[in-house]
Amino acid sequence: MKISDADYQFSVTATPDLEDDTADIHYVPAPCQVACPIGTDAPSYIAYIWEGKNEEALEAITATNPFSAICGRVCDAPCEPACRRADSDGAIAIRNLKRYVLDSLGPGFALPPVAVTREQTVGIVGAGPAGLTAAHDLAEAGYEVHVYEATDKLGGMMFWGIPRFRLPEEAVQQDIDRMTAHCPGIKIHTNTALGDQVSLDQLKQQHAAVLLSIGAFVGKPMGIPGESEPFVKDGVGFLYHVNAGARPTLPETVLVIGGGDVAMDACRVAKRLPGVKHVKVIYRRDYEAMPARREELQGAIDEGIEIVYNTQPVEVIDGKALRCVRTEMGEPDEDGRRRPINIAGSEHEIECGLVIAAVGQKAECDELAQSGLMDWDRVKTRLEGMVTEDAKVFAAGDGAFGGSTIVEAMYQGHRAAYYMKAYLEGNENPLPYRTPYRTRHVPICNDPAWEINPRVHQKFHGLGEIPIEFPEIESTYTADEAKFEAARCFRCDAETGSADYTVTSREAIFAMSRINPQDAEIESSILQGRLENRDNPFGIEHVATLDDLVFLPANLSRLVIDPYREDCKTATELGAINSLKLEIPFVVAGMDLAPDEIREAYATAIVAHGAAYIGAKPIGDDASWIQIAETEADTAADAVVFRGGQAIEASKVERARDSQPVGLLVDNHNLAQAIPFALEQEIDFLVLDAGDGLPGIEAELAGAPDISILHHAVSQLRALNREEDIDLVYFGGLRTGTDSAKILALGATAVIIGVAAALSLGADISSGSPLYDADLDAEERAERSYNLLQAFNAEAAMMARCTGKTNVHNLEPEDLRAITLTVSHAAGVPMAGSLNQH
Amino acid sequence: MVTIDLSHTSITDANQQIRDWARDGQDVEIINPDARHNIGVGLVDPITVRIKGSAGYFCGGLSDSAHYEIEHNAGWAVGDNIYKGSVVVGGNAGAIAGVAIRGAEIVVRGNMGSRAGQVMKAGTLCCGGNAAFMAGYMMYGGRIIILGDAAEKVGQDMSAGEIFVGGNIKSLGNDTMIVDMEAHERDEIMAFLERYKLNYRGDFTKVVNAGKKLRYANAEPRSRPQPFFVSSKSSNYWNPKVQEDIWIKGEVGRYRIRGYGASKPVPHLNDIAFAKDVSGVAARPEELKDINLKTTVGGRFGAKPLSLSMPVMIAPMSFGALSRSVKIALARASRLSGISENTGEGGMLDEQRAEADQLIFQCLSGRLGWNVKDMQRADAIEIYISQGAKPGLGGQLMAKKVTPELAAIRGIPVGIDLRSPSRHPDVLGADDLVIKLQEFREATFHKVPIGIKMGAGRVNDDIKIAYKDGFDFVELDGLQGSTGAASTEVLENVGIPTLSGVQEAIDGLAEIDAGDDMDLVMMGGIKDGVDVVKMLALGADCTSVGTSAIIAGGCIACMQCHVGTCPVGIATQDPEHEARYDIDRQSMNMHRYFESLRWQIAAITKALGYDDVHKVNRGDLVALTPEAADITGLPFRPEHRETRRPLTGLELLDRQAG
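Which chain is which? The protein sequence lines are G and A, in order.
One point on numbering: in our numbering, the residue at position 463 of the first sequence is 463, and numbering is uninterrupted.
One point on numbering: in our numbering, the residue at position 647 of the second sequence is 1485, and numbering is uninterrupted.
Please keep in mind that the hints were generated in silico from the structure rather than gathered at the bench.
Below 30 Å or equal to it, Euclidean Cα-Cα: the simulated DSSO-like pairs (lysine-lysine) are:
| no. | chain 1 | residue 1 | chain 2 | residue 2 |
| --- | --- | --- | --- | --- |
| 1 | G | Lys-569 | A | Lys-1008 |
| 2 | A | Lys-1142 | A | Lys-1132 |
| 3 | G | Lys-362 | G | Lys-392 |
| 4 | G | Lys-380 | G | Lys-392 |
| 5 | A | Lys-1238 | G | Lys-483 |
| 6 | G | Lys-569 | A | Lys-1050 |
| 7 | G | Lys-153 | G | Lys-187 |
| 8 | G | Lys-380 | G | Lys-204 |
| 9 | G | Lys-220 | G | Lys-380 |
| 10 | A | Lys-1453 | A | Lys-1142 |
| 11 | G | Lys-362 | G | Lys-280 |
| 12 | G | Lys-153 | G | Lys-362 |
| 13 | G | Lys-569 | A | Lys-1051 |
| 14 | G | Lys-220 | G | Lys-277 |
| 15 | G | Lys-53 | A | Lys-1079 |
| 16 | G | Lys-483 | A | Lys-1079 |
Simulated DEER-style distance windows between Cβ atoms:
| no. | chain 1 | residue 1 | chain 2 | residue 2 | range |
| --- | --- | --- | --- | --- | --- |
| 17 | G | Asn-810 | A | Ala-1268 | 19 to 25 Å |
| 18 | A | Tyr-1054 | G | Ala-636 | 37 to 43 Å |
| 19 | A | Asn-1056 | G | Ala-656 | 40 to 46 Å |
| 20 | A | Glu-990 | G | Ser-659 | 35 to 41 Å |
| 21 | A | Asp-1195 | G | Glu-472 | 56 to 62 Å |
| 22 | A | Thr-1134 | G | Ala-672 | 58 to 64 Å |
| 23 | A | Asn-1056 | G | Ala-636 | 35 to 41 Å |
| 24 | A | Ser-848 | G | Leu-559 | 28 to 34 Å |
| 25 | A | Pro-1123 | G | Glu-384 | 31 to 37 Å |
| 26 | G | Leu-431 | A | Pro-1123 | 31 to 37 Å |
| 27 | G | Ala-571 | A | Thr-1134 | 52 to 58 Å |
| 28 | A | Asp-1195 | G | Glu-347 | 52 to 58 Å |
| 29 | G | Glu-541 | A | Glu-990 | 53 to 59 Å |
| 30 | A | Val-840 | G | Leu-559 | 38 to 44 Å |
The following residues of chain A were derived to be distant from chain G, with all beta-carbon distances above 12 Å:
| no. | residue |
| --- | --- |
| 31 | Asp-862 |
| 32 | Lys-1035 |
| 33 | Pro-1143 |
Please read all numbers here as calculations on a predicted model, not as lab measurements.
Ideal Cβ placement from N, Cα and C applies to all residues, glycine included.
Start from the sequences and build out the full structure, keeping to the hints where you can.
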């Protein structure tokens, strides 16, 4: 039986007090995560593996899973069939990636110890995955926990039920050691069986609460004539025996009855034991219906085990054979599985020397039966609350809910611990438990081959050279293989790159396409979600930026100019009276203090493109230079710019030579005075510094520029009817050629790029000022600086052509619309679609 | 030989008569043609049509297997898009003679106008005299023979094919070169000339594509998208996405390309709410069966309108951008849900036609896959002017996706980075468009609706032109509309939001008292029934969904559609990747998505108090943000925003599992 939240109707309106990120609108738990009963944050650990951050991956793995090393090898891994890539070219190998992390770091990984902080103690019967998980959670919560284990080993079925070639003892020990070191409050009592060494009454007296996680260690009989020892053995008993160290010699032919994981383990164990030549698995349903994990089934087949489907044992002929009938698949049962129907007259005998029946397990405990806590072969409990008939006694694991998987048992352990804590704290009516889901917000890996990488299969060794020694059947990945595999993750949990099709929207569409459309209740609940309105993305803190402006494309009312093919002019004359002639409307800034190699690269690019440099000193002999003059103009400068405030104060600007174009560097503070002054002085152009920082670009790095300076300048000139008498050059926050085109459309003749140029050469801007390193060589720097100017210029021209212009300088405010009111105001551009525009 | 006198027969009647005679195996003579447009358009039977005089635009256009002889001159676009068959012009031909032909023989005995053979795919265009500028402009294949002189820019931006010029070449076009001619080519040309009794003994200069611009110079490094930023927040202005963008441009020296639409937040339907509380609807489907959702599109001039079970269409998406399997799945889902499918740019697939009950055939500038036979089996025609994702740019398909199969259906060379033209060769203004529209009507016998697809820009002006030009419907696409590949700059920055688009359209039509006979189909970011009802309340007649349908059918929204190695087999032509797509399962997923849309639309309509979705109106809406209020003129009611916690991702998944 498998129980998890997927089956359990939990309340969606309340989240219990657990670490959980599902309220984050930029996060949806991935299908693998939801399929995992304990909500393992697989997308995060996979992404960490790709990044090479194995320690972080380990944290994500172990956060809800005290048996990570074990699960990395033998988890049933319901995550993998749920993986969205399973439908494409194979699920991500989530389980083996976990093993890779644990194998590389696990043995040395310790969690800090948690002190006992509470007076009450808890008793737990049975040291399997359910009991120990509960012990772990309760110990983390500060309780002292006494674990009573009937055998001499911890781990329950993990130790006794799984053969060593799948799960070596060291892996079990690794997890147990880590847990006991982390939780010193867990006190272990081995060889202490309930009913023999300790009674329930004693436990109830000694502890404030008791958890019964006794496991299901008794094999169910097949219920057919002739079924008796020693010719018929039960599967779990057989595995227990072998895991205790026995290596019995068996008859030549062994039959294993059943189609579950115990059957798979039993048949593979038998195959390795001396004397055995043939192992056949007899299963009454077909391949599709077989519950065993596909990997285990394939492993068995690869090891030479024969699987006989649609065959039902009907009688044991002691010492000789098993009589069976053939079956065919009938109609689905009430549990949804198709019932096998015996085919009349198909009786046949399969000769064998031994039959191992692996047809299910049950719990047995006389002590509990006498106390009335058993319900036939299970401890009587309910999933709601996990409590037994006795309010002080709780139950979990296979002994309570029937044979299941490790991860399901861990889920039950977490769940039981949750309700026990509530009980211990006197909370009689806690919020229903549900699996918490977390994300570590790891960026999506940027591996170019993520779409095409096929699943990496770990190396399979099968029986190995000396089968009886039970060598491990598989090895895990190398670091390269792990990274390759990790790259394949779709990252269903992560926010998308689209503000329109967000992860939440995408998942809503997925939900709409996977429900029964006739189910009004589900439809209604999805509709509720869709009726929610998002927060205003342009709320009170919104800053007007160029992102909020769009170009109006040519359609029917204008002819578009083909951006792929047709020309668009970019030649630029900067200066109303005396002018500087450029081939493109781009000026580079911010490299006065840059290393020589950086300056050289941009000097070459500026020359190649016919652009210019603006700064206190020239960038190179041949590159056009617009001097920002601190005191006086340099005759070598192709144009000179004086600081507006100083120039106005001095009431004059002086060229170094006749016809040297001259400009004023102004900001929002002195713009109003500068304009009349500039017109009076017949200044050729204004440099509008929206970043308040030229010649440096540190101010530009501080954040979004105040683009309103351009609108203010144009409005003032228009009010004076002097727009044609002076040119405008804009500086501040330009990230693309499109940003630049918007500025040209708003009235600038040329634009200055600073940070963008620095970034193109790999500058690190995290410190608030551009820092270059030596990662690029001279050729790469030259190419990159050339490319950036080329791309920006082409992008600007692309915008012009889309609007139907053949010259970037023909772009005009009318080609733009605003999509936010803030930018509409700052740039003086009407809102798109608004009647207020007319 | 039958004679039709155009002095007292309308073109439509004449074309009908010609078709009837053609079926009877009779040839036809046209007298008094008087340079009328669209003579002989839409013929698909072998026939010879002799035009005793001159013909106007599109003579012989959109035909297959017919032969036309024009005694005197022909207007522009003679022989438009002919498959097999021929046109012989006795005199001169206007511009774009032989445009988009796919195998025809077009012979102009006199001179021919500019851009002759533009976007032709196969066949021969032959000119006895001189050719004006840009002969062979953007041709994809076939042969142009010019016996006289060729003016400027011969073969401008041609991708393939050959141009043979007997006289002087004034100048060569971009990316062309002169190569030596092979002997057999000359023999073939001479045989051709002899057949058409053109006497020429001189030499030829052969012009072909030089192969320098067919592919982007250096490949953009592949990447996966970073989460979108609300980049206007001052603190993250130079965010990692911006930094990566600049870094990559430094590497490739040009704009970047990706799939999907605008990634930045823009004002949208989600900033509008219903005035009435419609939450808590849990109607069973049988309670909703009396709510009318039926929608017809395109009945303005008496053509048989599309009849949709709800105001939803599937948006145009090409075979090319998408795999064949996805186009089949979409077509099937459209049939199962009673809505329409649309071919997009890449031509019509037989399986798609068979699966879809109602199929719109789209005509784009490159005329890729465009042909009269598929027009005549379409349920509606749509001429594409632009799209919301990339208005101004033609379609774009990176070489990885231009497989032999795909190239064959489109009529283009294999393995080029296909960049479709931005403009139609034969539509340079609103007046041309009227004649083009008429040509389509002639080719489809005035029986199917003809619409126009536009990306939202100067909608207020454009919608008036569309109305006055006489379209049956407009499909208007906002900035958020998606695509398989486009420049990110255009994706983010060209065009206006869908919300602005619908408002301008409604306002523009009201300004000319257009009434409501031209149907307005809105698209671009429609995700659910909530969006559909809001769009109708704002004034649209119908909506279409593209991206959402694709997501319903398994798209994971990685936005790397352009790369061609789609991990789920959707945006790919690679057989290995396409094999990952399960048509049966995904078509059912899409079908269920459409049915959920239907439930939502009906439930909201009912909750608003109507029995017909077409009765919802602006009074049912309020604006929640200043932007939405300003754009739409709806009352600004920020207090109307529900304060309830949004449904979390987990809950959504729970629904999915449920």
